[in-house]
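Residue numbers (our numbering), protein chains in the order written: chain A, 1 to 321; chain B, 322 to 558.
Quick caveat, the hints were computed from the structure, so don't treat them as lab data.
Just so it is clear, the structure is predicted and the values come from calculations on it, not from any experiment.
Glycine included, every Cβ here is placed at the ideal spot set by N, Cα and C.
Hints are supplied without guarantee of correctness; some may be wrong.
Pair by pair, the computed Cβ-Cβ distance ranges are [stated by the list, open to error]:
(1) 506/B to 114/A: 42 to 52 Å
(2) 139/A to 542/B: 55 to 65 Å
(3) 136/A to 532/B: 44 to 54 Å
(4) 76/A to 503/B: 35 to 45 Å
(5) 139/A to 481/B: 15 to 25 Å
(6) 509/B to 76/A: 47 to 57 Å
(7) 136/A to 432/B: 26 to 36 Å
(8) 262/A to 481/B: 51 to 61 Å
(9) 481/B to 132/A: 54 to 64 Å
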Amino acid sequence: MQETAAPPMIEVRDLTKYYGDFPAIEGISFTVNKGEVLGFLGPNAAGKTTTMRILTGFMPPTSGSASIAGYDVVDDSLDARRHIGYLPETVPLYTEMTVEDYLDFMGAIRGMSRRQRRLRVSEVIGICHLEEYQSSLIGKLSKGFRQRVGIAQAILHEPDVLILDEPTIGIDPIQVVETRNLIKSFGGEHTVILSTHILPEVSMVCERVIIIHEGRVVAIDRPGNLSERLRGTERIEMDIRGPVAQVMTALRNIRGVREVTRTGSGDVVSYNVESVHGADLREQIATLVAQKGWGLLRLQPVYMSLEDIFLRLTAKEADQP
Amino acid sequence: MKNTLTIAWKETKTYFASPMAYIIIAVYTALASYNFVSSISGVLPEATIRGFLLPSTLIFALLAPVITMRLLAEEQKLGTLELLMTAPVRDYEIVLGKFLAALASLVSTLVPTLYLVLLLTWFGSPDMGPILSGYLGLILFSMAAISVGLLASSLTGNQIVAAVVSIGILILLLIIGEAESYLGGVFGEIVRQLSITNHFEDFARGVIDTHDLVYYLTFTLFLLFLTVRSLESRRWR
Ligand SMILES: Nc1ncnc2c1ncn2[C@@H]1O[C@H](COP(=O)(O)OP(=O)(O)O)[C@@H](O)[C@H]1O
Ligand SMILES: [Mg+2]
Numbered sequence: 001m002q003e004t005a006a007p008p009m010i011e012v013r014d015l016t017k018y019y020g021d022f023p024a025i026e027g028i029s030f031t032v033n034k035g036e037v038l039g040f041l042g043p044n045a046a047g048k049t050t051t052m053r054i055l056t057g058f059m060p061p062t063s064g065s066a067s068i069a070g071y072d073v074v075d076d077s078l079d080a081r082r083h084i085g086y087l088p089e090t091v092p093l094y095t096e097m098t099v100e101d102y103l104d105f106m107g108a109i110r111g112m113s114r115r116q117r118r119l120r121v122s123e124v125i126g127i128c129h130l131e132e133y134q135s136s137l138i139g140k141l142s143k144g145f146r147q148r149v150g151i152a153q154a155i156l157h158e159p160d161v162l163i164l165d166e167p168t169i170g171i172d173p174i175q176v177v178e179t180r181n182l183i184k185s186f187g188g189e190h191t192v193i194l195s196t197h198i199l200p201e202v203s204m205v206c207e208r209v210i211i212i213h214e215g216r217v218v219a220i221d222r223p224g225n226l227s228e229r230l231r232g233t234e235r236i237e238m239d240i241r242g243p244v245a246q247v248m249t250a251l252r253n254i255r256g257v258r259e260v261t262r263t264g265s266g267d268v269v270s271y272n273v274e275s276v277h278g279a280d281l282r283e284q285i286a287t288l289v290a291q292k293g294w295g296l297l298r299l300q301p302v303y304m305s306l307e308d309i310f311l312r313l314t315a316k317e318a319d320q321p
Numbered sequence: 322m323k324n325t326l327t328i329a330w331k332e333t334k335t336y337f338a339s340p341m342a343y344i345i346i347a348v349y350t351a352l353a354s355y356n357f358v359s360s361i362s363g364v365l366p367e368a369t370i371r372g373f374l375l376p377s378t379l380i381f382a383l384l385a386p387v388i389t390m391r392l393l394a395e396e397q398k399l400g401t402l403e404l405l406m407t408a409p410v411r412d413y414e415i416v417l418g419k420f421l422a423a424l425a426s427l428v429s430t431l432v433p434t435l436y437l438v439l440l441l442t443w444f445g446s447p448d449m450g451p452i453l454s455g456y457l458g459l460i461l462f463s464m465a466a467i468s469v470g471l472l473a474s475s476l477t478g479n480q481i482v483a484a485v486v487s488i489g490i491l492i493l494l495l496i497i498g499e500a501e502s503y504l505g506g507v508f509g510e511i512v513r514q515l516s517i518t519n520h521f522e523d524f525a526r527g528v529i530d531t532h533d534l535v536y537y538l539t540f541t542l543f544l545l546f547l548t549v550r551s552l553e554s555r556r557w558r
């Protein structure tokens with residue numbers, strides 16, 4: 001990581017939010033630099049929306065602090081809000097307004113002049129491919145198009161920071177791809193935080209990912225580094241014909257094996273062997289099976305996807321008392 | 322101020338784009354004309370508009386909540402309040418913008434009644450003082466009624482609940498004056514001061530009393546203040 005003089009665009013320190021007695025997030029800290037696209041990854045109820053609502057000034061934290069472009073979200077709320085474009089999870093829109101009128105209104109309350117609005121509204125309508133619907137009532141649009149209107153209002157005033165809460169949820173696959181490309185194109189110019197519980201999305205769109213689970217940060221890294229880091233373990237899948245109990249014991253006794261699980265029953269059973277990093281156990285397993293006179297029907301190494309990492313990290317955290 | 326006007330303008334446009342606006346204007350104009358005609362059809366007709374002014378408080382107590390019910394409740398239901406409250410806009414600017422829009426909407430229903438005033442000047446020679454003060458009183462009454470409606474609308478995501486609650490409160494404030502004669506003493510005086518109608522009657526008679534002005538303005542400001550607090554409290558949930 002290189003040190004730069006520019007202060008981080010988003011700085012979150014020890015953020016905690018209680019709903020009554022229930023801690024939705026606890027001690028979350030991270031920074032995002034200018035132009036970065038950060039993924040906020042976590043299962044439902046992890047605390048993603050809560051964190052974003054604090055960043056956007058919708059509600060204050062119970063403790064801790066956050067700043068946007070150097071402005072504290074509580075003490076300098078209005079200044080912080082001036083630098084944010086926000087797409088809430090539910091994509092709230094005024095259904096009885098036309099796309100154009102809606103965007104014009106959103107621009108006006110963000111302090112854009114009439115002239116700026118006239119130029120910029122048609123520009124974002126172009127960027128988000130809404131030309132055909134600019135005079136349609138929002139209530140008449142399909143979900144995918146409403147999502148685009150939501151994104152259009154978020155980028156309208158060219159904010160330094162874009163906060164997108166699950167921007168690809170509930171829209172059809174083609175539009176998901178388009179939306180992801182759109183978000184990618186915002187990086188560099190804007191600083192983007194996007195939340196998602198969809199893993200491939202993060203590796204496709206984000207340069208850095210924060211994994212959050214039950215209100216706590218479990219990992220922060222580049223998607224690539226995360227898989228690297230967890231390559232401490234390797235997995236091999238195999239199908240073996242033989243007495244299950246004996247096979248399990250034999251596999252477990254191989255040096256370097258951490259865990260053996262099986263799926264299925266009957267004549268041929270699938271086994272899943274996890275081992276420490278670097279130990280390629282394929283040959284040993286093949287020899288072992290041959291010696292015992294069992295049948296080896298399949299032997300295959302498995303590489304960890306971000307999904308596994310995600311499950312792995314969140315499971316680890318959940319194991320702690 | 323600019324944000325307030327932006328919000329007020331947007332809400333006013335939305336209101337006049339809906340059929341509701343014209344239904345409300347038509348209903349009010351019909352009722353006002355009827356009350357006006359019956360008041361000047363007596364043996365000794367007076368050239369005043371008191372005939373439609375006095376019953377207007379009750380009509381406005383019913384119409385104001387219909388106009389205000391959606392203003393904040395719908396924002397909560399649609400979730401658009403989240404975007405509004407994360408825009409660089411102060412909470413009081415939101416409330417004030419909505420208030421101005423509702424006031425413009427309600428006062429617009431008075432415009433057609435100007436033809437009744439024209440009729441009066443055509444056929445008689447009315448005293449313009451009570452007419453002007455009467456309109457002023459009705460506008461002040463509208464402000465108070467709208468502030469009640471806005472507060473109710475800020476407390477719930479359900480428009481119907483907002484309307485029913487505010488109609489209930491407004492009718493209570495209208496009839497509370499009746500209790501004065503039963504109570505007497507200090508309580509009678511308190512009830513008289515609270516009554517939203519007692520303060521209106523002076524205006525209809527052509528008297529602009531600072532007490533009445535202060536009553537309506539403080540009433541409105543206090544309820545708008547409560548509405549702002551109610552919005553703010555959403556942030557702390
Ligand atoms: N307004 C609220 N009142 C009470 N609990 C809430 C509220 N909003 C969210 N929660 C709870 O806080 C936790 C985190 O929610 P949220 O931030 O919405 O998670 P995510 O967006 O990651 O799904 C959940 O358990 C949720 O039930
Ligand atoms: Mg969420």
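Cross-check of the supplied hints:
no.	hint	result
1	506/B to 114/A: 42 to 52 Å	violated (60 Å)
2	139/A to 542/B: 55 to 65 Å	violated (35 Å)
3	136/A to 532/B: 44 to 54 Å	holds (53 Å)
4	76/A to 503/B: 35 to 45 Å	violated (56 Å)
5	139/A to 481/B: 15 to 25 Å	holds (20 Å)
6	509/B to 76/A: 47 to 57 Å	holds (52 Å)
7	136/A to 432/B: 26 to 36 Å	holds (32 Å)
8	262/A to 481/B: 51 to 61 Å	holds (59 Å)
9	481/B to 132/A: 54 to 64 Å	violated (36 Å)
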